Amino acid sequence: MLTEVSIAQVLVNGLTSGSFYVLMALGFTLIFGIMRLVNFAHGEFYMLGAFVVYHLYGRLGVNFFLALAASAVTVGVLGAVVERVIFVPLRSRELSMLMSALGLQITLQGIMAVTEGVEALSLPAPVSGVYRSSWLIFPYDRLLVVAVAAVVLALFYAFITWSKFGQALRAVAQDAEAALMQGIPVNRVYTLAFAIGCMLAAIAGGVIGPVFSLHVYMGQAAILKAFVVVILGGLGSVPGAVVGGLVLGLAESVFASLFGVLVSDMLGFLLIMLILLWRPFGLLGRATA
Amino acid sequence: MTERPVSERARALSCLVIAALLILALFVPWMFENQFGLYLLDMALINAVIALGLNVVLKTGQVSMAHAGFMAIGAYTSAQLTVKLDVPFLVGFVAAGLGAALVALGLGRIILRLKGVYFLLFTFALNEFLYLLNKNVPALTGGNDGVVGIKPPTIPFVADPLRSKAAFYYLVLVVVALALAFVWALYRSPFGRAMDAVRESELLAAATGYNPMRIKMIAFSIGCLLAGLGGSLYAHFLLYIAPFSFTFWESVNFLLMNIIGGSTSLAGPILGALLLTPLPELLRSYVMWQQVLYGLTFIVFMRFLPDGVTPLCASAWRALVGRLGRPAAEPPARERAPDPRSGS
Amino acid sequence: MRTWIRNVAIVGVLAVAALAVIHEPVRAAKTAELKIGFVSALSGAGMAWGMGMLGGLEMAAEDVNKAGGIPIGDTTYTIKVIAYDDKYTGPGAVQAAQRLISQDGVNIIVGPIGSVPMLAMADVTESNKVLVFSNSYTTKALSPKKPHTFRLTPTSMEFSLPFLQWIVKNQPQLKTAAIVGPNDESGKEVASHNEAAYQKVGIKVLAKEFYERGTQDFVPLLTKLLASKPDILDLDGTTPGDSGVVLKQARQIGFQGQIIKTGGPGTLEIIRVAGAAADGFLYVSPWDPNEPKVKALMERFEAKYKMPYNPLGVYFYEGSHMLFDAIKQAKTFSSDGLRQHIEGQKEYTGLLGRYVWGGEAEYGIRHQWIAPFYVGQVQKGKEMMLTKINP
Amino acid sequence: MAPLLEVRGLSKQFGGLAAVADLSFAVEPGSIVGLIGPNGAGKTTAFNLITGQLAPTAGEVRFNGRKITGLASYDIARMGVVRTFQSTVLYPESSVLENVLRGCAVRSRVGFWSGLVASRAAARDEAEIRARALELLRFVELDTVRSEAARNLPYGHQKALGIAIGLATQPELMLLDEPVAGMNPEETARTGRLIRRVNEAGATIVVVEHDMSFVMGLCRTIVVMNYGRKIAEGRPDEIRNDAAVIAAYLGVDEDAAAQSA
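Top to bottom, those sequences are chains C, D, R and Y.
For what it's worth, our numbering labels the leading residue of the first sequence as 1, then goes sequentially.
For what it's worth, our numbering labels the leading residue of the second sequence as 1, then goes sequentially.
For what it's worth, our numbering labels the leading residue of the third sequence as 1, then goes sequentially.
For what it's worth, our numbering labels the leading residue of the fourth sequence as 1, then goes sequentially.
Treat the hints with care, as some may be off.
Under 8 Å between C-beta atoms, here's a sample of chain D residues computed to sit facing chain Y [as the list claims (entries may be wrong)]:
1) A185
2) L186
3) S189
4) P190
5) F191
6) D196
7) A197
8) E200
9) L203
10) A206
11) T208
12) G209
13) Y210
14) N211
Mimicking DSS-like on lysine-lysine, the simulated pairs with C-alpha atoms at most 27 Å apart in a straight line are [what the hints assert, rightly or not]:
15) R:K331 <-> R:K129
16) R:K140 <-> D:K84
17) R:K146 <-> D:K151
18) R:K380 <-> R:K175
19) R:K129 <-> R:K140
20) R:K175 <-> R:K388
21) R:K200 <-> R:K175
22) D:K151 <-> R:K145
23) R:K295 <-> R:K306
24) R:K382 <-> R:K169
25) R:K80 <-> R:K293
26) R:K346 <-> R:K140
27) R:K304 <-> R:K293
28) R:K140 <-> D:K151
29) R:K145 <-> R:K35
30) R:K145 <-> D:K84
31) D:K84 <-> R:K146
32) R:K331 <-> R:K346
33) R:K80 <-> R:K66
34) D:K151 <-> R:K129
35) R:K328 <-> R:K35
Just so you know, the hints here were simulated from the structure itself, not pulled from any lab data.
As the structure is a prediction and not an experimental result, all values here were calculated from the model.
Cβ coordinates follow ideal geometry from the N, Cα and C atoms, glycine included.
Please construct the entire structure, taking both the sequences and the accompanying hints into account.
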């Protein structure tokens, strides 16, 4: 098959969907890294983000990037509230937190289904047009996603490394108790981390939404990918999410063009199972307490 | 996991209560003027068997999200055996259990090295993989169309197949009773002590002569055995199975049954199954809002009853049969039983 | 301690509720109310179709009740629809059917949609002699072994061939096709029907790809599929939402050929998602949305349910009316009496035209409703009907 | 007579640095041996190597003349070598008695099935184990708190419980990792007495400890490690005057001073 589709095309497709996956997984892995919470509701925050952008940019015609920022803030605030109300009381009870996250996912999805309906909507792409050459076809709206992914990643990394709060984050991720000793307000860090995770989810949803379609179930696909990505890359590791995302994207694209999608899906899961056995903590993950 | 009840009186009394419950259970079908209630009850008991299996896995501190996958192995084994080779139900039933257990044994050696959340994630992936396998290997599983024409169970010395809900009720009641007795014996046996040890501190357990890997493998296989048996019952009750009945969400359901019931006592998974199975029916009529209510139920539960309902029942129980188990202190202690972090 | 009390309260409520549902008393079957059961996906991905079907049934019931109900003997029956959601799953459908039959005491069920719910339900409904008027694509749904099961929706088995014949007649330059469909029983079923039809009309199927539900990015799939350079891209039983994305992305990566779709209608949604990319798209439509009678029905539905009316629903509006007429004429709703009457029906004329029962050839039992349908095309974002086909 | 434990050229490399390098020493049956050295000298690593929590890069360990390097820690424990942990490791959620019972279980000969059906043998075994556990609790003076959850015990008691669990396995050789770290003098004294009584009861003991006076008072033989190597071995009085040892400790003190300053 690769003879008919240019290899470049396959690789580019892979890297593109790879960067999509990185965006989807970033907040997810952050939240786990800090709170050790497997946030099943991540996909729903992604969906919410997309819908906020849809209403602001798609319906009211606000500038796309403004809408994106607005959606990030809105969903971030929502996340903070949710964290306070639902997760704070369950601190240190991982399984209870995980189950609440599941409940939250079901609830948010249900509410949106009632208010927005279940039919697919679409967002006009903020940029249109396609790059075409004999060996490569590349729509610009995808290019935009890749660009945003890169920018978000850079900002996020800078934030984690240099900002005071970023250092607090890393301290807590390392060892919550020690952080508490050093007088870091761990609980506030948790809340903020969760909020940031949700913001990242919202940005992902808002920027990826236009490329696909919008519907209240879009989150499920996203969380599934995020899951796989972080398993591949290592839970709680941001570089891991990047590597995992790109690896998954490439693997899927190559497998798909070699064997077809169904096989590629199964191979995808086989791949992560093998990697987990080879490196139980993921490609870049480190053993955690 | 804590001191066994010393008071003979208490033990005798609790035996009495259990016996009473069993006798009561025998007459349940007469309490239902309505077949649907009985249908739900049968379904709940089937789920109870499977949830109980998961409880055995949780007992060693491993949170498995692939339980529906193993249930599927059982369901398909027994369905295909009875449909294609039409072997008698009991053979299919046993084969279902053993099949699931063997797969568990084979995989366990590799995957039980993973601890806590990594095991959880792996089993999640495993469940997805099995699901896709069920969909895409029609030769084995009938693919998306699933397996049609499964026959209701036939039992030796019982004239006609157990088609009616009541008849099936007795079958599944027997299975639940046996499973319960088995797991109860298991937990109070030295092996039960070993499982607790491994869950609470694998390091210490190993340092004092327990072989954690072996213990976890046995527990995992037993758990999946029950899942397989439950799967077989499921197939021969609904008489139709398709991949969609064994998704990751089903696994989540069995986990929820344990947690909402209370994963730290035998009654937990049973209560959980009895509470959760009818829940969607309660909500079914609120078409639009059912999902929201369903989700909220869990959030509220986790928020106010993270140990599940059994601790509450337990206090009543103690009041009933005097000093059984020990007061306060240890339920929260026990809640952390399936905590992915503990022991790792 | 306060929380402890709260806890008890919560558990109490749940327990009581659980008991309540199990012990809900059976309502006496003999009232002036005729209960019709309905099972379908009312939440989740299949909801648009499910609600369309429910709307059809409920609007028809409204009509009948407004007109004074159905007189049988000395009692006149008003119709009451009891609808349950099966979440598009087998167990869900079985459970819903169980509840309808043994708790609500219905002996007529409309629905479900989808083959898995259909096949799962069959054992319960047939063993209870409950009449089922379903909507599913699988060939297994109808058979002499299932004397109580009817199907109101024509399937790709019925319309693939005429549709493709029309295409070949009007666009003879189309010689090859590629199929993309969801990896589920309906998707595969439709694909197999279409392949047979393609062969009959002499179009070569170069490739087909099935994707898991929930797939969002179709570019990798399409890249491979379109590498075989087909003239036709066939969207098979792809859901409207997904179809929109496929259309959009196929055009984006430079596919210029004809895009068509047989199963799973919902063109408005497709247009909404695909936008300009939808222009030229050919599809099978159960109705002509520009026809005043249909327009009126669509508006009535939207007013009632606050969502667009899925074309599939029209079969259930028509079908329900057919059913109620049958009850009126047969003067009974006992499954056997009604069944014989319906099987005896010559034909039925409804809103859209003439319907007949068929299907001996394909299924060995005459329980398949044969309905007229349209070949539609999207032109400048509008649905245009090119022709009406009466099989 | 033949040594009970024999460590020969034991080494462990972590990446670049050698945590334990060519460590050799022997432990006579019935003795109490002290293993001391500045922080990071590799004492705990040595324990981990002996009891199989870590695999050595080189060298071997013999117990009763039998090579135990490469065996799994639970097998080593079953052979009669048990260790306690620096940061007390217990079964935190379970009762004190249950903690000890789990230690005892290792010696029970009840098989899976006979345990399952609660056979007579199993019942007898359970009774014996209980009796022994209670006796042990009296021995370590914890019988009063036996139904307390382990995590609720005061620090000193937790340490004692750790030892009790070890004893429950009926070890020939016990490795105690800093048994009195963080204890007040009174607790330290009590633990000292306890260890002696354990030793008199027949268990050979190797103890890692910082508290010099404690070790000097307790042990007949002392092995001193620094940077993973043995720098001295001998009677307390010999060690006290050993130049290398003093240097090592002073060096560390300087470091410590430098750090604190």
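Open item on the list: Holds or violated: R:K80 and R:K66, Cα atoms, limit 27 Å.
Closed with: This hinted pair holds, its Cα atoms lying about 13 Å apart.
Task: Proposed interface contact between D:L186 and chain Y, which counts if any beta carbon pair is under 8 Å - done: holds, 6 Å
- [ ] Starting from R:K146, check that the Cα of D:K151 is at most 27 Å away, please.
- [x] Answer holds: R:K146 to D:K151 is near 16 Å, not above 27 Å.
Open item on the list: Run the distance test for D:K84 versus R:K146: straight-line Cα separation, threshold 27 Å.
Closed with: holds, 21 Å
Open item on the list: Can you verify the interface hint for D:E200: is its Cβ closer than 8 Å to any Cβ in chain Y?
Closed with: Because about 4 Å separates D:E200 from the closest Cβ in chain Y, which is inside the 8 Å limit, the hint holds.
Task: Holds or violated: R:K200 to R:K175, with C-alpha atoms at most 27 Å apart - done: With Cα atoms ~12 Å apart, R:K200 and R:K175 stay inside 27 Å; holds.
Task: Hint check, D:S189 versus chain Y [nearest Cβ-Cβ separation less than 8 Å] - done: Hint on D:S189: holds, closest Cβ of chain Y at ~4 Å, below 8 Å.
TODO: Decide if the proposed pair is consistent with the structure: R:K80 and R:K293, CA atoms, cutoff 27 Å inclusive.
DONE: Between R:K80 and R:K293 the Cα gap is close to 25 Å, so the pair holds against 27 Å.
Open item on the list: Interface hint check: D:A197, Cβ to nearest Cβ on chain Y, cutoff 8 Å. Holds or violated?
Closed with: D:A197 check passes; min Cβ-Cβ to chain Y is 5 Å, inside 8 Å.
Open item on the list: Given the hinted pair R:K140 and D:K84, is their Cα-Cα distance within 27 Å?
Closed with: Holds - the C-alpha atoms of D:K84 and R:K140 are around 18 Å apart, at most 27 Å.
Task: Minimum beta-carbon distance criterion (8 Å), D:L203 to chain Y - done: Holds: closest Cβ of chain Y sits about 6 Å from D:L203, inside 8 Å.
Open item on the list: Hint check: R:K145 vs R:K35, CA-CA at most 27 Å. Holds or violated?
Closed with: Given that 27 Å is the threshold and the Cα spacing comes to 26 Å, the pair holds.
Hint check: no violations occur; every hint is consistent with the structure.
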